[in-house]
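There are 2 protein chains.
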Amino acid sequence: MGGDHAPKVVIQGAARAYKNDHQLRFIFFGDEVKIARYVKTASLPDAVYTVHHAPDAIASDTRPSVALRQGKQSSMHLAIQSVRDQRADGIVSGGNTGALMVLAKHILKTLPGIARPAITGFIPTPTTDTVLLDLGANIECSPRHLFEFALMGEAFCRITMGKTNPSIAILNVGSEDTKGHETLRQAAASIRDSDLNDQFIGFIESNHVIEGKADVVVTDGFTGNVMLKAIEGTGRFFSGEIRAAFSQSWSGKLVAPLALLALRPMRQRLDPNAHNGGMLVGLNGVVIKSHGGSNAKGFAAAIRVAANVIRSGINERITEHMHDLSMEAA
Amino acid sequence: MGGDHAPKVVIQGAARAYKNDHQLRFIFFGDEVKIARYVKTASLPDAVYTVHHAPDAIASDTRPSVALRQGKQSSMHLAIQSVRDQRADGIVSGGNTGALMVLAKHILKTLPGIARPAITGFIPTPTTDTVLLDLGANIECSPRHLFEFALMGEAFCRITMGKTNPSIAILNVGSEDTKGHETLRQAAASIRDSDLNDQFIGFIESNHVIEGKADVVVTDGFTGNVMLKAIEGTGRFFSGEIRAAFSQSWSGKLVAPLALLALRPMRQRLDPNAHNGGMLVGLNGVVIKSHGGSNAKGFAAAIRVAANVIRSGINERITEHMHDLSMEAA
Numbered sequence: 046m047g048g049d050h051a052p053k054v055v056i057q058g059a060a061r062a063y064k065n066d067h068q069l070r071f072i073f074f075g076d077e078v079k080i081a082r083y084v085k086t087a088s089l090p091d092a093v094y095t096v097h098h099a100p101d102a103i104a105s106d107t108r109p110s111v112a113l114r115q116g117k118q119s120s121m122h123l124a125i126q127s128v129r130d131q132r133a134d135g136i137v138s139g140g141n142t143g144a145l146m147v148l149a150k151h152i153l154k155t156l157p158g159i160a161r162p163a164i165t166g167f168i169p170t171p172t173t174d175t176v177l178l179d180l181g182a183n184i185e186c187s188p189r190h191l192f193e194f195a196l197m198g199e200a201f202c203r204i205t206m207g208k209t210n211p212s213i214a215i216l217n218v219g220s221e222d223t224k225g226h227e228t229l230r231q232a233a234a235s236i237r238d239s240d241l242n243d244q245f246i247g248f249i250e251s252n253h254v255i256e257g258k259a260d261v262v263v264t265d266g267f268t269g270n271v272m273l274k275a276i277e278g279t280g281r282f283f284s285g286e287i288r289a290a291f292s293q294s295w296s297g298k299l300v301a302p303l304a305l306l307a308l309r310p311m312r313q314r315l316d317p318n319a320h321n322g323g324m325l326v327g328l329n330g331v332v333i334k335s336h337g338g339s340n341a342k343g344f345a346a347a348i349r350v351a352a353n354v355i356r357s358g359i360n361e362r363i364t365e366h367m368h369d370l371s372m373e374a375a
Numbered sequence: 046m047g048g049d050h051a052p053k054v055v056i057q058g059a060a061r062a063y064k065n066d067h068q069l070r071f072i073f074f075g076d077e078v079k080i081a082r083y084v085k086t087a088s089l090p091d092a093v094y095t096v097h098h099a100p101d102a103i104a105s106d107t108r109p110s111v112a113l114r115q116g117k118q119s120s121m122h123l124a125i126q127s128v129r130d131q132r133a134d135g136i137v138s139g140g141n142t143g144a145l146m147v148l149a150k151h152i153l154k155t156l157p158g159i160a161r162p163a164i165t166g167f168i169p170t171p172t173t174d175t176v177l178l179d180l181g182a183n184i185e186c187s188p189r190h191l192f193e194f195a196l197m198g199e200a201f202c203r204i205t206m207g208k209t210n211p212s213i214a215i216l217n218v219g220s221e222d223t224k225g226h227e228t229l230r231q232a233a234a235s236i237r238d239s240d241l242n243d244q245f246i247g248f249i250e251s252n253h254v255i256e257g258k259a260d261v262v263v264t265d266g267f268t269g270n271v272m273l274k275a276i277e278g279t280g281r282f283f284s285g286e287i288r289a290a291f292s293q294s295w296s297g298k299l300v301a302p303l304a305l306l307a308l309r310p311m312r313q314r315l316d317p318n319a320h321n322g323g324m325l326v327g328l329n330g331v332v333i334k335s336h337g338g339s340n341a342k343g344f345a346a347a348i349r350v351a352a353n354v355i356r357s358g359i360n361e362r363i364t365e366h367m368h369d370l371s372m373e374a375a
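Top to bottom, those sequences are chains C and B. If you read the first sequence in the numbering used here, its first letter stands for residue 46, the second for the next number, and so on. If you read the second sequence in the numbering used here, its first letter stands for residue 46, the second for the next number, and so on.
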């Protein structure tokens, strides 16, 4: 029931994802009347989904602490419980990110050795996508937390993007070792002392992140959130300016159809729906966040991310990694 | 001597600024041989400039502490001294920002009541520019520092953009009062307790900054630097994609001349050279930073900012404001 166009895009997204992957099975949590309306028109065989009625839904502006106390019969709460009870292998939600994190942490708990789950996401770059975390779950972070993010982000990148040995960097205001907070320098030292050292390229500035100079970029949730929204805001600003250019001037109007055709590959590549599906990594269960404004294509992309990380056993891999690191430290 | 194309763009920028403002007078600090080469071809009357030879120049990658110890005969050091000694009313530099801040703080000292000078800059928005500070001088900030930034940013915006009662906001990950660090909440409380209260609109997210929802946005130097570079990086990414779109596809090539004509107003508006000239506010003297990559047009814009703030007596106004606030507190 979460996101701007739920449950419509959720169900249409599921149908779209199913078309490319017949092994998928769905449980839809939410208002059964509304769900029934959309499954009828979506081309989704009856055998591949069930509906679990949820009388409540958590609003996008509900505070996480309120959602935790009052949202027991919400679609989000019930869906997360189904993961805990192993009736589902993972959850995909377009709802309130803060509530999703707090409910998931409460119901699923964190993986052994992980203190703080983090929100991951994709940043489009000229070459491919870059994994950025944390995008807002942890406002203040210790060096240990940032180190955990590096480890989890690396696993997420490896699995969702198929990269072997993805490069890892820490977001900073300069690339020199002396830059930034002491916390960042300590986090860098921890990564250098671990078996991630060979993949670690040190500090990176935000403009170089957008140039695609690292596969995984680690930062605290405050900075990550500011950076992500700055990129999204600048992107929307440019898109608006381009649209205006081709609808206002005489030269723009004249060439608009062909100009927009020429710009289509760029618009497709930068379409947020193509980069949809961030993982709340570090939880004892797979929780994927879809952008609240995504369409069916975007929701299908988030479902694909969920299927990838479930099949790859991402959480077992993170847990093993943590175990190896404890062994090293011992 | 600072920036990518010095002293050429500096001298050409001065000539350009002089053309629109015949009251300007210049002292060029730097390599006198190189300066002589460019003043000859720039249309700048002999009577409006003098040259002060500086045997050294601070490189863009010199660490500020090194610049402070070793750069005594550098163009930057000598130029800042001329402001201290009242031979110049202000300095405009395209050089190493960190060195400029450290040298200026050492030579000029801060204004009474100001603990930390900050770097201000302009962010382009759909309507007008927004003043953002700090852009990187202070990696960690107390509530008091952020409060000082609000006060100085307000004065800078009022003077450079001619806005009466500009609106002020604090950058955060959400607009609700409960969001972000404790430091931000305390800074907000300080602003609400001051006579800036009527202009204070609370917390703002980075995407809303880009939408132009506040005239002055306050943040610590770490976050401000990450945000500024994210906007610049995304802008460059989009520009590159647009250029590629009109040089690669058949439809793009066909309409390229008219399409680029239609996009020209946007490119002009987003041209970083049009938004050039950040002030290092809080110093006992006017110090303006030009972007290192700016052209003559950009450098002229930075000179215009310098002339504006000098004529308006910005530092006297900040000092009076600080004095009033101390009176209130007493």
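Treat the hints with caution; some may be incorrect.
Pairs involving identical chains hold if they fit within one copy or between any two copies, as the list cannot separate such chains.
[Claimed, not checked] Below, in silico cross-link-like pairs of lysine-lysine (DSBU-like), each with a Cα-Cα straight-line distance of 30 Å or less:
(1) K53 - K208
(2) K117 - K224
(3) K208 - K85
(4) K85 - K298
(5) K154 - K224
(6) K342 - K208
(7) K79 - K298
(8) K53 - K117
(9) K79 - K64
(10) K64 - K85
(11) K53 - K79
(12) K298 - K224
(13) K154 - K117
(14) K79 - K117
(15) K117 - K208
(16) K85 - K53
Hint data in this document are derived by calculation from the structure and do not stem from the laboratory.
Going down the list of hints, with the structure as the test:
In the homo-oligomer, the alpha carbons of K53 and K208 never lie at most 30 Å apart, since the shortest distance is 33 Å inside one protomer and 46 Å across protomers. In this homomeric assembly, K117 and K224 come within 30 Å of each other (Cα to Cα) only across copies, at 24 Å, whereas the closest approach inside a single copy is 46 Å. When the C-alpha separation of K208 and K85 is checked against a cutoff of 30 Å, the pair qualifies neither within a copy, at 39 Å, nor between copies, at 56 Å. For a Cα distance limit of 30 Å, the shortest separation of K85 from K298 qualifies neither inside one copy, at 41 Å, nor across copies, at 46 Å.
For the homomeric pair K154 and K224, the shortest alpha-carbon distance between copies (24 Å) is at most 30 Å, but the shortest distance inside one copy (35 Å) is not. Proximity of K342 to K208 under the C-alpha cut-off of 30 Å is restricted to the intra-copy arrangement: shortest distance 24 Å within a copy versus 44 Å between copies. Taking the shortest Cα distances, K79 and K298 never come within 30 Å of each other, neither inside one copy (42 Å) nor across copies (48 Å). Proximity of K53 and K117 under a CA criterion of 30 Å is satisfied intra-copy only: 23 Å inside one chain copy versus 68 Å between copies.
Taking identical chains as interchangeable, the C-alpha atoms of K79 and K64 lie at most 30 Å apart only when both belong to the same chain, with a minimum of 22 Å there against 68 Å between chains. Taking the closest pair of Cα atoms, K64 and K85 come within 30 Å of each other only inside a single copy of the chain (16 Å); across copies the shortest separation is 71 Å, beyond that limit. Taking CA atoms no more than 30 Å apart as the test, K53 paired with K79 passes inside one copy only; the shortest distance there is 8 Å, against 67 Å between copies. In this homomeric assembly, K298 and K224 never come within 30 Å of each other (Cα to Cα): the closest approach is 48 Å inside a single copy and 44 Å across copies.
Only within a single protomer do K154 and K117 lie at most 30 Å apart by alpha-carbon distance; the minimum there is 17 Å, versus 59 Å between protomers. In the homo-oligomer, the alpha carbons of K79 and K117 lie at most 30 Å apart inside one protomer (20 Å), although the nearest pairing across protomers, at 74 Å, exceeds that limit. Within a single copy, K117 and K208 get their C-alpha atoms no closer than 39 Å, and across copies no closer than 50 Å, so neither meets the 30 Å cut-off. Taking the closest pair of Cα atoms, K85 and K53 come within 30 Å of each other only inside a single copy of the chain (11 Å); across copies the shortest separation is 70 Å, beyond that limit.
Hint check: violations occur at hints 1, 3, 4, 7, 12, 15; the rest are consistent with the structure.
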